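There are 2 protein chains.
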Amino acid sequence: MSTPRTLDRTLLALADPTRRAILQRLSSGEARVTEVAQPFKMSLNAVSKHILVLERAKLVQRRKVGRDHYLSYRSEPLDAAAQWIEETRHFWGSRLDALEKLLRDEDRNKP
Amino acid sequence: MSTPRTLDRTLLALADPTRRAILQRLSSGEARVTEVAQPFKMSLNAVSKHILVLERAKLVQRRKVGRDHYLSYRSEPLDAAAQWIEETRHFWGSRLDALEKLLRDEDRNKP
DNA sequence: TTGACATTCAACCGAATGGTTGAATATATT
DNA sequence: AATATATTCAACCATTCGGTTGAATGTCAA
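Line by line, the protein sequences are chains Z and A. For what it's worth, the working numbering labels the leading residue of the first sequence as 1, then goes sequentially. For what it's worth, the working numbering labels the leading residue of the second sequence as 1, then goes sequentially.
Warning: the hint list may mix true and false statements.
Because identical chains share one entry, a pair is satisfied inside a single copy or across any pair of copies.
Cut-off 20 Å, straight-line C-alpha distance, at most; resulting in silico cross-link-like pairs (EDC-like, lysine to aspartate or glutamate) [unchecked claim]: (1) Lys58 / Asp16; (2) Lys64 / Asp8; (3) Lys41 / Glu87; (4) Lys49 / Asp8.
No wet-lab data here; the hints were simulated from the structure. Everything numeric in this text was worked out from a predicted model, so none of it was measured.
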C-alpha cells in the first residue's frame, strides 16, 4: 500500500509525457542518461531534471559505474498506483452505479 | 482511450490529497461547493480552485441551480486512467519480468 | 429594496516546474 | 599531463500551483 505522499509523487511523476516516454524507454532495459536524453529535443539538463523527478518517485533507479549512470525502471510505484486506482474505483463506483447514486442524491433532498 | 493531454490532466488532478478527498466526498453523491469545502481548513476560494482543476480533468461535473452549484463525480477519467495504467503495466512489465529484463540488459552489453 | 448567502474573479505571494545556459566535477582516453 | 566525455550543480527565467484576502456577481429571502 502507498502512503498519500508516495502516491502524490508517483502520480505527479506520471503526469508528464516526457517522463512517461523516459519510462517507456527504460522499460525495455537499462540506459545511461545521455542515451535516454538523445531522442528528445530539449537539453540534456532538462532530461536530467525529469529523471530526478522519476527517481524521487522511485520509478527510476540509478546505478553508477565510473562516469556513467545507468538508469533502470522500477515497477513497484506503478503497481501501487494501479492498486490504489482499482480500490478507489471500486469504492467510488462507476457507470453501473449511476442509478444507485442518483437515488442517493434524491434521498438527500427529501427531509 | 485517453489522449496524452487528457491523461496528463487526470493524473495531475489526482496527484493531490485535497482533490482526492473532494472526489471521495462527491463519490457518495452530489454536493454544493460550500458543503464540499466545509471539512477543509483552507479557504473556500482555495477549494473552489481545486474543484476547477478537477473540472478541467472532467472528474467533476457542475450543475447550477440558482446560486447553488451542485458538483458530482464522473468516473470516466478514472476508468481511462486505470485502463492506461493496466496496459502500461502489462507492456512495461513488473516483478515477474525482472529476470527477463536483466537478461536483455546483459545482452545489450555483449556485442 | 435591502440584506444575507453562494460562488467566482482578481490580485498577490511564496514555492515548485520546466526549461535554458554556463561552470564544476569526476572519470576515460591519448 | 592534456583533453574529451558523462553528468550534475548553480543561476536564471517564465509559468504554474496552492494558498491568501478583498471585491464583484448573481440569487434568494425579509
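Outcome of the hint check:
Within a single copy, Lys58 and Asp16 get their C-alpha atoms as close as 16 Å, and across copies as close as 18 Å, so both meet the 20 Å cut-off. Proximity of Lys64 to Asp8 under the C-alpha cut-off of 20 Å is found in neither arrangement, the shortest distances being 27 Å within a copy and 31 Å between copies. In this assembly of identical chains, the alpha carbons of Lys41 and Glu87 never lie at most 20 Å apart, being 38 Å within a copy and 27 Å across copies at closest. Both within a single protomer and between protomers do Lys49 and Asp8 lie at most 20 Å apart by alpha-carbon distance, with minima of 18 Å and 18 Å respectively.
Checked against the numbered hints above, the structure violates hints 2, 3; every other hint is satisfied.
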